[in-house]
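Input sequences plus hints: build the corresponding full structure.
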Amino acid sequence: MGRLFWKFFLFIWLAQMAGIVGVGTYFWYERHQAEPPAAEAPPFAHHPHGGQHPPPPHMGPHRPRLAVVPMFSGLIVSLVSAFALAWYFAKPIRHLRRAFDAAAGGDLDVRIGAGMGGRRDELADLGRDFDHMTDRLGHLVEGQKRLLHDVSHEMRSPLARLQAAIGLARQQPERFEETLERIEREGLRLDSLVDELLTLSRLEAGVAGAAEQVDMQELLEGIVEDARFEGAARQVSVELSATALPAVQANPELLQRAIENVVRNALHHSPPGGVVRIVAGATEGRLRVSVRDQGPGVPTDALEKIFRPFYRGAGQASGNGYGLGLAIAERVIAAVDGQIRAKNGESGGLVVDIELVA
Amino acid sequence: MTTPARILLVDDDVELAGMLREYLVRDGFEVLAVPDGESGVAEALSGHFSLIVLDVMMPGIGGIEALRRIRAASTVPVLMLTAKGDDLDRILGLELGADDYVPKPCLPRELAARLRAILRRSQQGGELAGQAPLVVGPLKVMPAQRRVEWNDTPVELTSTEFNLLEALARNAGRPVSKAELSEQALGRPLVRFDRSIDVHLSSIRHKLGQLPGGRSCIQTVYRQGYQLIRE
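Top to bottom, those sequences are chains A and B. Per the working numbering, numbering of the first sequence is gapless, rising by one per residue and ending at 358. Per the working numbering, numbering of the second sequence is gapless, rising by one per residue and ending at 231.
By construction, these hints were calculated from the structure, which means they are not laboratory data. A couple of the hints might just be wrong.
Here chain B is said to cover these stretches of chain A; the calculated rule only asks that three of the stretch's residues, wherever they fall, bring their Cβ under 8 Å from a Cβ of chain B [as the list claims (entries may be wrong)]:
1) 147-160
2) 166-177
Per label pair, the in silico range of CB-to-CB distance [said to hold, decoys possible]:
3) 87/B x 188/A: 26 to 34 Å
4) 181/A x 25/B: 15 to 23 Å
5) 39/B x 188/A: 44 to 52 Å
6) 26/B x 187/A: 20 to 28 Å
7) 149/B x 303/A: 51 to 59 Å
8) 87/B x 187/A: 46 to 54 Å
9) 191/B x 129/A: 25 to 33 Å
All C-beta atoms, glycine included, are put in the ideal place defined by N, C-alpha and C.
What follows is the structure, given as structure tokens:
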């Protein structure tokens, strides 16, 4: 039992004692007021026919008796009820404290849940809030841990290739030029990985860049032009149908990157000779861009996971991209109150819908 | 080596596997690289290879599962490529019967040296042909055939496990230090905090029977190493 219990206990008990004493005093005073006439002129003593009547028991011989028994029982009752009340308040707080201690010690799995019993008051609310907090913190920490793990794994692949290339350069000095090129390529990959990670972490910290009016028509046309160039090597064509798009309030650089990432992803999963279709239109203050590819699509249960950092579909070869593109896109779109969703098209392929506030 | 040793390299990073292949071929190995666990297991069980190099992190069936499937049917030496710092994968791999591991970003030179060490040890059998079996209690170690029997029943050991047991049997009755075991069985000096020897030995204990009284025939000697009990 901690200090809080004893404080509650003393407070409640003292309050009750004060109450009892107050009430007792009041009654004593009442009786005292009623008595003096009887005491000053005892009617029975000079009564002509006065017998040996004993004074009625409820009146003291001279002044009213102190009510010892009621006072004593009042004391006991107040002790017990103060104890019970103090327990009732202090117990959940102790419970909360233990949970806070555990959370502070790093155990985010701690939950108050049923520990509050059947209470439905502010303390129970506090317990629920605590559970909610640890839940959220747990998820965040888990996410960070996973990200760190993925990052270190992702760094490892280019590093392993770098070391292999260095080994080759040592072993075959005559092919120095070729291995140097490989080393350079891996260096660039590492650089772009770090770059994407920084973007992602800035976005997660809520830094979305300065927003300005972005001409969506121009932005999409620019992206499509680049994508056509990129797709040409694999005979993947890119179609754009968009007219008179409204402007959008966002950071142009990040928004361009977000949509580009989605289009690139589509290009990437398109079979040779495939078509990536981009359709954009505006309705009721919303601007919708949908990007459709003719690739293999994504299993239904993975449709949300593809926006997670480093998510990689099964059977996807490593070495091209890091699985950060869509994660970045999702965060950029979310930062401007937009939405991004993926679904499988009726005729196969993946469809990514982006919705922005126009 | 007169004929080049055939190595199977299972790694999903095609570019890396290509470079390692190039390096190892130059170094006198014959190498086949496959990009996923399933084909890796199939190739490994074909019996054409004297050593399998298995990457732990692969999409689909990972290296650990591939190792499990290989070990279910074969004792071919397996070297795991594990992520640096991922002790769990490493211990799990060794427990499942991998012969050794190399942390992943590694220099090809290091990988080649490790391959040679494992190959040399697993091919020692031929050179030692005709050597008398070592008998310690119910245990019979036959270096020539690289086979082990416990109470006349054959025990399936991986190449590294066999080497460890052989080293202990040759010194039966006295403790052998972990450093010595590492040199003899793994062909490399002991690294600090390396638990490989302990993991291998615990798996040997598991495979061998117990002495009367429920004791294991391999004893841990505090601060000195391990000892095979001579009755």
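Here is what the structure says about each hint:
no.	hint	in the structure
1	147-160	holds (count 6)
2	166-177	holds (count 6)
3	87/B x 188/A: 26 to 34 Å	holds (32 Å)
4	181/A x 25/B: 15 to 23 Å	holds (20 Å)
5	39/B x 188/A: 44 to 52 Å	violated (31 Å)
6	26/B x 187/A: 20 to 28 Å	holds (24 Å)
7	149/B x 303/A: 51 to 59 Å	holds (57 Å)
8	87/B x 187/A: 46 to 54 Å	violated (29 Å)
9	191/B x 129/A: 25 to 33 Å	violated (49 Å)
Hint check: violations occur at hints 5, 8, 9; the rest are consistent with the structure.
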